[in-house]
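Which chain is which? The protein sequence lines are R and V, in order.
In terms of the working numbering, the first sequence opens at residue 1 and continues consecutively.
In terms of the working numbering, the second sequence opens at residue 1001 and continues consecutively.
Worth flagging that the hints you see were computed from the coordinates, not collected in a lab.
There's no promise every hint is true.
As a list, the in silico EDC-like pairs of lysine to aspartate or glutamate whose alpha-carbon atoms are at most 16 Å apart [to be verified]: (1) V/Lys-1141 <-> R/Asp-663; (2) V/Lys-1159 <-> R/Asp-225; (3) R/Lys-219 <-> R/Asp-261; (4) V/Lys-1159 <-> R/Glu-320; (5) R/Lys-471 <-> R/Asp-508; (6) R/Lys-244 <-> R/Asp-126; (7) R/Lys-219 <-> V/Asp-1044; (8) R/Lys-222 <-> R/Asp-261; (9) V/Lys-1159 <-> R/Asp-319; (10) R/Lys-222 <-> V/Glu-1047; (11) R/Lys-531 <-> R/Glu-174.
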Amino acid sequence: MNSVSSKIPLLLLATAVLASVSACGGSGGGDHPISRIESGDMFTGKPYIFRIAERYRAPEYELSAKYGVITDKNPVTGEQAEDGVYYYYVPENTLNTLPYFYGFTEEITISDGEHGLVEFLELGTDAENGDPLFTDQWHLKNIGQNPFSVTTSPSKGKDLNVISAWHLKDSNNELISGKGVKVSVLDTPVDVNHEELKARMYTPSGAKSYVNSGLTLKKLQKSADYAHGTCVAGIIGASASNGKGGRGVAYESSLTSYDYDSGFFFNEMTDKAVNNVVNASIGWDYSHGEGFDPNLELWAQAMFENGIPFIKAAGNEFDEVLFSHSNYYPLTCKDLNVNCQFNQTSSLNRGRYFINVSALNSLGVKSSYSSVGSHVWVAGFSGEFGYRKDGKSSSAAIVTSLSSYLPEEFSDWDKNVPWRTEEAYYDKRKFYTQRMNGTSAATPMVTGVTALIIQAKPDVTVPQVRYILAKTSNNDKTEGWEPLAYDPIEAYVSQYGENITLENAWHDNASGLRFSNYYGFGVVNAAKAVKKALACDDDAGCKLRSELPEVFISTRANPCESPDGGLTTVCTLSDFVNADNPGEVPEAFEIDNLEINVGSLMYVANSESDCTDAANDSKKGVARVNNLLQISMTSPGGTESLIKSVYANWDFSGTLFKQETADPFLISTSDFFTEMVPSTGSFKLKIRSICPIDVDELNNSVYVQIDGYALD
Amino acid sequence: MKIKTVLMSALSLFSVTACASDAQMMIRESNGTTVYTDNFKVLDAAEKINKTEGILGTLGDRIVISGTRAPDHIAFVRHDDERNNFIIRNILMIQCAKDTECIPDDIAARKLSRSVYEITVDNYEEWKSVQERLRNAVGVKNVSPSLYYGVKPSLKNTKAGE
Chain R
1 MNSVSSKIPL LLLATAVLAS VSACGGSGGG DHPISRIESG DMFTGKPYIF
51 RIAERYRAPE YELSAKYGVI TDKNPVTGEQ AEDGVYYYYV PENTLNTLPY
101 FYGFTEEITI SDGEHGLVEF LELGTDAENG DPLFTDQWHL KNIGQNPFSV
151 TTSPSKGKDL NVISAWHLKD SNNELISGKG VKVSVLDTPV DVNHEELKAR
201 MYTPSGAKSY VNSGLTLKKL QKSADYAHGT CVAGIIGASA SNGKGGRGVA
251 YESSLTSYDY DSGFFFNEMT DKAVNNVVNA SIGWDYSHGE GFDPNLELWA
301 QAMFENGIPF IKAAGNEFDE VLFSHSNYYP LTCKDLNVNC QFNQTSSLNR
351 GRYFINVSAL NSLGVKSSYS SVGSHVWVAG FSGEFGYRKD GKSSSAAIVT
401 SLSSYLPEEF SDWDKNVPWR TEEAYYDKRK FYTQRMNGTS AATPMVTGVT
451 ALIIQAKPDV TVPQVRYILA KTSNNDKTEG WEPLAYDPIE AYVSQYGENI
501 TLENAWHDNA SGLRFSNYYG FGVVNAAKAV KKALACDDDA GCKLRSELPE
551 VFISTRANPC ESPDGGLTTV CTLSDFVNAD NPGEVPEAFE IDNLEINVGS
601 LMYVANSESD CTDAANDSKK GVARVNNLLQ ISMTSPGGTE SLIKSVYANW
651 DFSGTLFKQE TADPFLISTS DFFTEMVPST GSFKLKIRSI CPIDVDELNN
701 SVYVQIDGYA LD
Chain V
1001 MKIKTVLMSA LSLFSVTACA SDAQMMIRES NGTTVYTDNF KVLDAAEKIN
1051 KTEGILGTLG DRIVISGTRA PDHIAFVRHD DERNNFIIRN ILMIQCAKDT
1101 ECIPDDIAAR KLSRSVYEIT VDNYEEWKSV QERLRNAVGV KNVSPSLYYG
1151 VKPSLKNTKA GE
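Let's have the full structure, built from the sequences with the hints guiding it.
Written out as C-alpha cells, the structure reads:
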C-alpha cells in the first residue's frame, strides 16, 4: 500500500465502491469523497490532482493507493498542496511491474484502519484521457505487441527508451515532453486539422502561403502520398492524453509544416525564434543539375550557426538504385546483400552538419531497405512494411497519424488490412496508419528525441546535439542490443582480382567511439540523451561544443600518387591550417565534422570503352565504372573508414561537375568523430577504380576540411 | 569567390531582343541559353493540363508560359536541350569571412546568422549588378543565387506487398 503520511478520520462505517473518481472540480462537496481536479499521465509521472471532501479531512483518515503513490507534495514541482488537495502518480519503476503495461485500475482507499471506502481510478490508454493507439506504438514501448497481424511480432525491449525520458524534468521543473520546442516539418503539407495535431500546430507571424497550408481532400485523392507529412508530424509531436490516437515522441512540441513543393529553401527556417529543429524525411538523389545547389549550402550554414539541427533521412536505397543504371550492370549488391546506392549525391543529401538517420525495424536490426554509409550519424525506428497483402513474411511498421479524412474517401494506405477492417477498432484507427516506414519514419524519431534534448538544454548547439546523440546511442556492445552486431562482408571482385571489403561492420574509432556504416553511432536512446543534455556541462566534450568549431583544411600540395597509372590512388592529406586564418597552424585539434573535396575526381580515357565513356561523362560509362569504385580513408589515429563501397552505385561525374561549377563537392565520414589530429597528422585517402583516375586533376583540388576544436 | 559556373555567362549580355510591351524580355546567350526576365509564369502539373500554346519551356515537372511572373521570380533560364531549366529567385545569399562585415553599407541585407546574409533584389539587372559588385568586395567568401528547378525531393517512405 502507498499512503500519505497524515491520517484522515473515517466517517463511513462501511466500504463503499464507486465506479470512478468524479471528474468534477471544486471543493468535493456533497457525498463524494474524492473529486478530480486535473488528470495526470501514468506514462510520464504527471500527477493526477484531486481533492478530498472536507468532512473526510480529519487526521484519522489514511489515504492509500494499491499501485501508485499519493502525496500532498507535487512530485514534479515539489510544491506543497493546499489543504485537502492530493497528488496521485505512478512511479516509473511501478510501470514495469504492472500486470498490463498500458493500463490498470487503481484502487484508492480512504480508511480509518477498520473500515474503508474504495475509489477506482481507470488509468491507461483506454481511459478517458488515454491514447488508445499508444498500445500499438512499439517504437515508444515494445512489449512484443502485434495487433497488425504481421508474421513476426516486434522484439520486446527494442524501442526508443522514451518513457524514462518523459519522467525527467527540465530546469523549470517541467516534465520532458518537447514543451516550448518548435519543430519544422519540411515535407508534404501536414493535415493541420488532424485530431492529434491541431493543438500542436504553430504558425509564425507573417508566415507565407507554404506554411501550414494544410492537406486538402482533393490533394489526398490525387495521391495518398500527400499524407506523408502528417505521418511524420505525428511521430514527432502527436498530442498525448487526449483520448485519441497515440502520441508523439515530443508530444508537447510545436509543429510547423513547410510545403516541400514550394522550393524548400525557406530562409525563415534559419530564425531560431520560430524554428528550433528541422525534420527532413526527404532526399534528392542526383548529384548534378538541380541536385547541386550552393544556395542550400549557405542555408544549411545559417541554420548551423544559429543552433538549429537539421535531421535528415539517409534514404531507402540499400537494395535499389534510383539512377536508372540497372540496365548497365548486374546488381551484384543484391546477391551479396550489400549497399546498392551511394547516397552522398545532391547538396541536400550532403548537407554539412546534417544528422543523417538510418532505419531499424521492430526486431531491432537494420531495416531491409535502409540506406547506409559513412555519413550516417544515428539510427531510428521505422519497421519494415507492416501487414503485407501479398502474404509474404512481414514485421511491423509504424503507427502514426494519417489524415483527418475518412479512409473511404481516398486511397487508404491500410485498405483491406486487418488493422483497418477490424470493426471493434475502426473508429479508433480510421485516421491513422500502421504502415508508415522508411527512413522517413526513423528521422522524426530522432527529431522528436532532439526536441526533448532542446527542452532539456535550450541553448544547445548543433555540435552538442550531435555529440549527445553519438555518445548515448545504443551500439552492438550495449547490453540487450547485441543483435545489432554483424560481420564484415568481403567478396572476390573479379575486376580487381582479389577479395575486397564491401562492408566493414562495427569498430571502435581512435577516440573510443563505436561506429558502424549501418547505424552510425547507434540507435537513439531518448532517456540517455536527455540525461546527457541535462548534464552537458559535466561532460568535457559536450561543454567544449558550446562554441562553434574552427575550420581546418589540408594544404599539402600534390597529395595524390598512383603506382599503377591511376587504378590505385593514395592521397596523403596533411599540413592543416585554419581556413579563416591560413597563417595559423594548429598544434592539434579534435574532429567534429570531416569532409573531403572530390569535385575533381574524374577518369582518364583509354583503350577500354567503359573508361572512355566514363571520362566523357556518358551515363553508361559513369554507371559501370562508379559501380566498382571504392573510396576509403584512414585517420592519423588509424581508423579506417569505408566511404564508398564497391557495388554501391553513384551518378557523380567529375567531368560534368567541373563544367557545372568551380565549387567543391564535399563527401563526409562520421567515423573519425572526436579523434585528435596532431599538427603532423595526415589522412590517407585511398581510391580504387577499374579505370584510371586523373591524378593530376585530383591533385589540383582534393583536400580534407575539418570542423574542429584546437587544443589549448 | 564561388559562383555557379553555369550562370557566369548570364552575367554578361550577348544580345537583347528589343521588346514590345507584351512580348518577352529575353536575352539570348551564346551558350544555348535563353534568359526570360519578364512575362513568364510557372504552371504546376495540375494547371499545365491541356495547355498547348504560349509555352516557353519546361521546369521540372512543370511548364513555363507567358504571363505574370510570381513576385519572387526574376528570370527563367531555359536551355536549348530543355535540360535543367531553372527560375532565378530574387534572393542572393552571401557568406562573409569570419568576423567580417562584408556587405557594403548601401546594399540592404538581412542577417540570417553570424556569417550568412540575404539580399533581396527587384529584377534581373539588379541581380547581376549586385553579384558583380560583391564578387569584388572585401571579405565576401561566397555569393549564392537562389534557383528553383521545379522538381520536388523524393519522400523517404517505402511500400511493399501491396
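Identify every previously stated hint that the structure contradicts and give their numbers, smallest first. none
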